[in-house]
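Novice: Chain residues, written in single-letter form:
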Amino acid sequence: MGRYILKRIGYMIVTFYVVVTLTFLSMKMLPGTPFKFANRLSPEQLNQLKHYYGLDQPVPVQYLQYMWNFIHGDLGGSFQYGMQPVTEFLMQRFPVSMQLGIESMIFGTILGILLGIISGIYRGRFLDWGMVTLTVVFISIPSFIFAAILQYFFSVQIRIFPVIGWSGPMTHVLPVISIGVGVMASIARFMRTEMVEVLNQDYIVTAQAKGLSTSAVIYKHAIRNAMIPIVTVIGPMTAAVVTGSLVIENIFAIPGIGSQFIDAIVTNDYPMIMGTTELYAALFIVTIFIVDILYGVIDPRIRVSGGKPS
Amino acid sequence: MTSSNHDITKDLFTLADLGDTAADKIAGESVSAWKDALRRFVTNKGAFISMIIIALIVFFAIVGPHFFGYDIDNQDVSRANLPPKISGLEWIPAFSGHENGVDVYKEKNVKTAYWFGTDQLGRDLWTRTWHGTQISLIIALIATLADVLIGVVYGGISGYFGGMTDNVMQRIIEIIAGIPNLVWIILLILIMQPGLLAITVAILATSWLSMARIVRGEMLKLKNQEFVLASRTLGASDRRIIFRHLIPNSIGMIIINTMFSVPSAIFFEAFLSFIGLGIRSPQSSLGSLINDGYQMLQIHPYQTLYPGIIISLLLICFNIMGDGLRDAFDPKLRR
Amino acid sequence: MKKAKWSLVLSFVLALSLVLSACGSSSSSDSGKKSGASNKLASKQELKFAITADIPTLDPNLATDTTSTNAIDMTQSGLTRMHNNKFEWDLAKGEPKVSADKKTYTFTLRDQKWSDGKPVTAQDFVYGWHRQNDPNAKPAYNFLFASVGIKNAAKIQNQDDSLYGKYDQLGVKALDDKTLQVTLDQPAPPFFYSILSQPQFFPVREDVVKKNGSKYATSADTMLYSGPFVLSDWKKGTGWTYKKNKDYWNAKATKLETVDFKVVKEQGTAINLYKTGSIDEVGLSAEYVDQFKKTNASEMKSALESGTFFLYINQKTNKNLKNLNLRKALNAAIDRDGLVNSILNNGSAGSDYIVPKNFVAGPDGKDFRSADPDGFSAGSASEAKDYWNKAKKELGIKTLKLNFLSQDSSSTQQLNQYVANQIKKNLPGVTVTINAQPWANYLKLNQEFKFDLAFSGWFPDYQDPMTYLDMWTSKNPQNTTGWSNKKFDSLLQSALTGTADQQKRWDNLLAAEKLMMSEYPIVPLYQSGHTWVEKPYVKDLSFPSYGPEIDFARAYITQH
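Protein chains in written order, with full-length UniProt numbering: chain A, 1 to 310; chain B, 1 to 335; chain C, 1 to 560.
Check before you lean on any hint, since a few could be wrong.
[To be verified] One side of the interface only, derived from the structure: several residues of chain C facing chain A at Cβ under 7 Å:
| id | residue |
| --- | --- |
| 1 | Pro56 |
| 2 | Asp59 |
| 3 | Leu62 |
| 4 | Lys138 |
| 5 | Thr218 |
| 6 | Ser219 |
| 7 | Asp221 |
| 8 | Gly237 |
| 9 | Gly268 |
| 10 | Thr269 |
| 11 | Ile343 |
| 12 | Ser382 |
| 13 | Pro438 |
[As the list claims (entries may be wrong)] Here are the simulated DSS-like cross-link-like pairs (lysine-lysine), alpha carbons at most 27 Å apart as the crow flies:
| id | chain 1 | residue 1 | chain 2 | residue 2 |
| --- | --- | --- | --- | --- |
| 14 | A | Lys50 | C | Lys294 |
| 15 | C | Lys215 | A | Lys36 |
| 16 | A | Lys36 | C | Lys444 |
| 17 | B | Lys111 | C | Lys425 |
| 18 | C | Lys301 | B | Lys108 |
| 19 | B | Lys108 | C | Lys475 |
| 20 | B | Lys111 | C | Lys294 |
| 21 | A | Lys36 | C | Lys138 |
| 22 | A | Lys50 | C | Lys424 |
| 23 | C | Lys293 | B | Lys111 |
| 24 | C | Lys301 | A | Lys50 |
| 25 | C | Lys424 | A | Lys36 |
| 26 | C | Lys450 | A | Lys36 |
| 27 | A | Lys50 | C | Lys138 |
| 28 | B | Lys108 | C | Lys210 |
To be clear, the hints were calculated from the coordinates, so they are not data collected in a lab. The beta-carbon is built from N, C-alpha and C at its ideal position, and this holds for glycine as well.
Could you build the full structure based on these sequences and the hints that come with them?
Specialist: Printed below as a string of structure tokens:
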């Protein structure tokens with residue numbers, strides 16, 4: 001296992017390097033300049049600005065320069081924010097998005113697994129239908145519509161929760177619910193499917209035949225086995241939720257990284273786009289690594305390191 | 001016990017003459033997997049009704065835009081923001097043409113009734129909604145095809161062979177997934193011009209990833225199970241094992257994930273509209289309509305409501321139908 | 001069982017529609033009713049705003065956006081300060097001494113302290129002006145120095161000139177701690193005093209810049225203040241707070257004690273904050289104007305801005321567009337009233353002119369627009385058809401395809417569709433394809449002439465008609481129409497150099513606009529407006545057309 005993990009870490013570094021390089025090259029393909037006020041400048045003035053920021057050098061030189069700085073932990077300065085260091089922004093903004101994402105994931109996963117289990121056990125009955133309908137409705141309402149309705153109802157009409165902010169437990173409730181219900185619905189659907197499948201497996205039938213009580217069968221065998229594929233889903237979903245919450249961040253004015261990212265893309269703020277992308281990629285690669293390791297831990301039948309079955 | 005039973009005596013029975021082969025005959029007509037699936041799907045009422053609703057929506061998506069002879073860009077600001085009104089159904093509050101108790105049609109002196117109302121530019125929302133449904137369905141169809149074709153094959157090969165193959169294939173996925181969708185899409189749109197084609201390619205490029213990962217997970221789970229070993233012992237080829245045993249056994253997860261890729265494709269398009277990279281105006285999609293309506297959510301909620309209901313209906317039906325399909329195809333559920 | 005399922009679906013959809021309709025019908029009933037506007041000052045002088053962007057930088061030499069500029073305007077001071085579209089002497093103690101040739105101006109400075117207690121000196125001005133012209137400081141907007149004609153500024157910024165980068169040759173000198181001497185290449189243009197209120201002309205403390213390095217002006221405590229307010233708290237991404245600056249020389253004019261800004265990007269969220277009383281003012285987009293008109297009409301205010309919006313017509317690479325009748329047809333085809341009333345709906349005014357209304361007055365004290373108040377309309381929709389028919393004959397064409405380049409922001413989407421549809425509808429046979437692009441790519445396509453029509457806007461760099469007119473001269477890079485007129489060029493050239501005779505200069509500028517609009521090289525669309533609601537107890541808050549975007553320097557709160 002130790003060797004396997006070391007090898008995986010090696011691969012992770014290579015993957016990450018490729019992502020960084022690809023991002024850098026794609027930035028060079030974006031048309032236009034990062035200077036928002038470029039329409040006010042003459043071509044000479046623009047060239048001057050490009051020169052100040054080293055954007056007139058050949059791409060390989062810029063690339064080496066970028067990689068050199070990258071290794072030294074310098075991701076450059078943000079064009080839209082008066083050249084303030086990108087790393088500082090990421091360090092300020094990212095934890096907020098991370099917190100929002102993880103809270104939403106916890107909320108959604110726990111509820112989703114519970115709903116999925118109940119739904120799977122009572123398959124085809126009223127409770128199951130209710131659950132299916134509910135989850136589908138939650139999947140089909142865009143989170144921003146849901147968030148806007150929640151905000152209007154709970155913050156403007158009833159006024160139990162603050163309209164905006166990220167500064168105390170009360171401010172977390174609405175955004176976490178807004179993102180969490182989507183997660184809940186997805187997880188519940190997957191969990192239900194798995195439960196239904198597992199409950200039809202031979203070993204469950206065997207366990208029941210042995211005389212184990214239904215609850216024991218469900219707790220000891222069914223749930224544990226049904227959870228395995230859920231782990232695969234949760235990993236990438238966490239990464240997606242952390243980075244994909246920008247609209248919710250905007251609605252509740254949460255100082256996360258999402259809205260920052262859109263601004264950066266729209267204004268060609270290369271260092272900011274690259275920094276955010278790299279962080280996202282790192283998060284994603286690490287999550288997948290953890291999932292793969294967990295996979296082996298949860299289900300001893302799987303040898304992650306193993307080759308072709310023989 | 002009824003008395004008639006007493007009339008049956010042993011001598012009423014004679015021994016049937018069994019040939020050598022009759023004992024091996026399987027009772028009942030042999031049913032092919034497809035026929036069996038179809039039979040079971042049709043008996044599933046929920047799934048069947050869902051299929052009919054989807055068919056209806058598809059029908060309206062094709063015919064609906066031509067109902068009133070407006071094209072999707074028929075603007076007239078003098079009839080902007082009219083609430084829904086259906087002549088003859090005015091007694092239903094939702095179709096009365098009233099908003100906040102005011103008859104907007106009378107106020108703006110408009111004679112024609114607009115079934116779904118009009119938008120800020122005075123365009124007929126019935127026409128635009130069904131046109132949007134059409135576009136969204138096309139996007140959903142492509143995403144689903146991509147999921148199934150690319151994702152299943154990629155995930156299947158990667159998970160089944162494992163080792164170096166898996167390693168390389170998974171690293172490629174990580175690289176593609178590691179760069180946010182948005183960066184891919186911006187690049188594609190800048191290269192290809194915004195529009196249906198660019199959106200489709202962008203969704204194609206990234207949507208199969210989660211399917212590939214899920215199928216791979218299933219493969220890892222299944223490939224060491226006894227029935228695979230049995231099949232291998234009997235000399236089955238890799239191809240046969242993957243496509244005849246492993247994938248059919250993962251079909252539940254595949255169908256569920258496919259049913260998710262439909263909404264996520266529709267929403268992804270909606271998200272693109274939200275940041276201004278979506279379908280090219282004056283074209284519409286359900287996503288762009290909901291986004292336009294979202295700006296008006298507090299003021300003219302009907303502009304979001306109808307596209308919203310159609311999305312919800314589509315997704316509910318796709319899901320129930322997906323469940324039905326899964327039940328019909330999953331070999332493990334054959335009883 | 002099946003029944004149960006469908007009733008559940010149905011009830012959920014019903015519930016959803018109820019919630020949605022609840023959103024529509026009910027409105028904020030609490031705000032607006034309690035107007036009772038007394039004129040007594042409230043004991044708590046606090047004003048709260050929502051704003052869409054964080055402050056990018058506090059560095060006056062790097063600021064290019066309205067948020068930064070506003071923050072710098074409110075917390076720092078220059079020689080002059082704009083208030084209600086007129087300049088006032090700020091750190092300059094009244095009129096400067098002007099030399100006979102009107103090229104040298106000697107300002108005497110007022111006693112004013114930086115927020116660390118040290119006095120603002122003439123040397124601070126010199127350093128700030130030098131830094132603005134030093135390529136190594138990576139300045140933005142340094143071209144303003146050339147526009148106003150500060151001595152050698154144009155040469156210092158020109159890479160091919162021997163003076164390039166030699167900012168110590170700039171026409172500014174500290175005669176002593178309190179005396180600043182400014183030299184110009186020619187007699188000062190009329191906007192000289194008003195442009196001195198811009199951050200680029202502010203004093204900068206050398207020791208603070210050097211001490212903080214790259215951290216300078218990036219947080220509340222790496223900056224010094226000298227204006228009506230100081231920045232007391234700045235949480236990146238969340239918001240910031242101004243406190244009254246008691247050491248400001250004119251502190252008695254500042255009544256507000258605290259001004260709070262929250263970063264909120266969603267218009268709907270800002271509206272909700274206003275309704276719950278968490279903020280005192282909010283700008284309204286088109287959709288909300290109608291809503292507030294019905295419910296809070298007394299709190300609604302509107303002002304014209306100085307942005308002018310138009311369509312470029314590319315006659316350089318599209319031969320058809322060289323035809324004057326076709327350009328007239330395009331001009332006449334678009335109904336501006338429908339555009340400003342139904343699409344923008346925010347106090348914008350439809351325009352058939354280039355230099356906006358209520359922006360600048362001439363030597364006679366009259367507004368530039370008073371000569372041609374309604375501009376130069378090409379006619380109505382029916383006249384558009386006549387022009388189009390003439391153009392068809394002259395060009396020998398029956399149909400025309402136009403590529404309409406625009407931006408992809410959500411606010412321009414409706415406008416794009418309206419403009420395209422108007423042309424299509426009123427000029428039968430013309431088809432318009434909308435090409436909405438992100439800003440950076442839009443600029444690139446625009447500068448490469450890859451469009452037929454392009455939507456654009458212009459906000460002034462300084463308070464003078466020149467800022468709207470010189471971009472249309474033949475060699476100006478902003479003139480992406482390919483239109484060129486020698487007479488127009490010479491009129492502007494004489495306005496540029498003939499700064500000594502102000503009335504003649506003014507007449508030249510008036511003549512230039514008239515000449516340009518007789519050839520319709522562009523399609524003017526509208527002059528931007530701003531509509532907002534403010535609580536009845538907020539007084540003297542203004543959104544002037546030139547100067548601070550949100551001017552709360554003299555605002556106050558009455559008892560409520």
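Novice: Tell me the numbers of any earlier hints that the structure contravenes, in ascending order.
Specialist: 6, 7, 11, 12, 14, 19, 22, 24, 25 and 28
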